[in-house]
Amino acid sequence: MAQQTQSLEERALALPRWLRDLVADWSSDQQTFKVNWGKAMMWIFIVSDIFVFGSFLSAYAAARLSATLPWPDPAKVFALHIGESEVPLLLIAIMTFVLISSSGTMAIAVKYGYERNRAKAALFLTLTALLGLTFVGMQAFEWTKLIHEGFRPWANPMGAPQFGSSFFMITGFHGLHVTAGVIYLAVIASQVLRGAYEKIGYQRVEIAGLYWHFVDLVWVFIFAFFYLF
Amino acid sequence: MEHSGEQHHPIRVYLVVWGLLFLLSVMSYLVDFFEVRPRELAWFLITAFALFKAGLIVSYFMHVRFERLSLVYAILLPPLLILALTAFVMAEGGYVFDVRALFFGR
Chain P
1 MAQQTQSLEE RALALPRWLR DLVADWSSDQ QTFKVNWGKA MMWIFIVSDI FVFGSFLSAY
61 AAARLSATLP WPDPAKVFAL HIGESEVPLL LIAIMTFVLI SSSGTMAIAV KYGYERNRAK
121 AALFLTLTAL LGLTFVGMQA FEWTKLIHEG FRPWANPMGA PQFGSSFFMI TGFHGLHVTA
181 GVIYLAVIAS QVLRGAYEKI GYQRVEIAGL YWHFVDLVWV FIFAFFYLF
Chain Z
230 MEHSGEQHHP IRVYLVVWGL LFLLSVMSYL VDFFEVRPRE LAWFLITAFA LFKAGLIVSY
290 FMHVRFERLS LVYAILLPPL LILALTAFVM AEGGYVFDVR ALFFGR
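Respectively, the protein sequence lines represent chains P and Z. 148 is the number that the working numbering gives to position 148 of the first sequence; each next residue is one higher, with no gaps. Count along the second sequence starting at 1, add 229, and that's the number in the working numbering.
Please note that the accuracy of each hint is not assured.
Distance condition first, Cα-Cα at most 20 Å in a straight line; then the derived EDC-like pairs of lysine to aspartate or glutamate [said to hold, decoys possible]: (1) 34/P to 321/Z; (2) 39/P to 296/Z; (3) 199/P to 235/Z.
Honestly, the hints are just simulated from the structure, not real lab data.
Excised from the complex, chain P in its bound form (with noise of 0.2 Å):
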């Protein structure tokens, strides 16, 4: 108990004068980020989601380069017959319009949030989430067909059997970030509804938003490197 009776001082002075340094210096209310900590912490974790993609699509070109068989074709392999004719890609076409149009619903949502306009903010986060579900249906939709057809992460009928295993896991991951994401953002729009950041301010709303568009971003080169090389 006597320990509590000393004032944070004195009990500061009774550390070894190496250790007082220290713990001075990684103490002393420096603060290089002039943000929001809440929206330093989301971009720290950001930056490590990045290298996480940045590492599965590096493990895609190694082993894409490294496969004697015969790579086989996204346009084929993800086409889509529409009556007597087969449309390449389509499924995937309309995915990228669907997540690029709930980042477009995400940053108005934002805005709404800052100008305190509670039901506008919470509309466009819900429709965010629900373009977000239709992602990740669309995306297990896929996944079906292709498992159906004979694709494994170990062998596939088309070709490399690199391609299944790079297909699944990167796709997976990123879907597995949408979902999680369709969940955050759930949270967050009852949250704005029930009037939570009336007084805290609406940058919570920001930070979940900088999430669903890093999402977006990782599609943007899931698409180009994955689906159109």
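Since chain P is already given, all that's left is putting chain Z on it; use the hints.
Coordinates of chain Z only, in the frame set by chain P:
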């Protein structure tokens, strides 16, 4: 804006960026649809469109253009290391392909 940490931009900015993202996606889809050849040209166009889209999303939707420079550098510089990783594993991939062709004959 700088003081409150809030981002206020006219809705027109977001709609224009949205439209551009649509346009660039359609263009990269068309490159694949019409099978632009030589392939190097198609790859170049698709990569260029993707980088342009990424730039728009990061600058305007994620407001990086309007953030403080210390944060911008902390966000944008580290991911450049991925380019080094990609370059290394691509060189390695070509080597592994040669070894497989040499020893497994296909």
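Against the structure, test the hints numbered earlier, and report the numbers of the ones violated in rising order.
1
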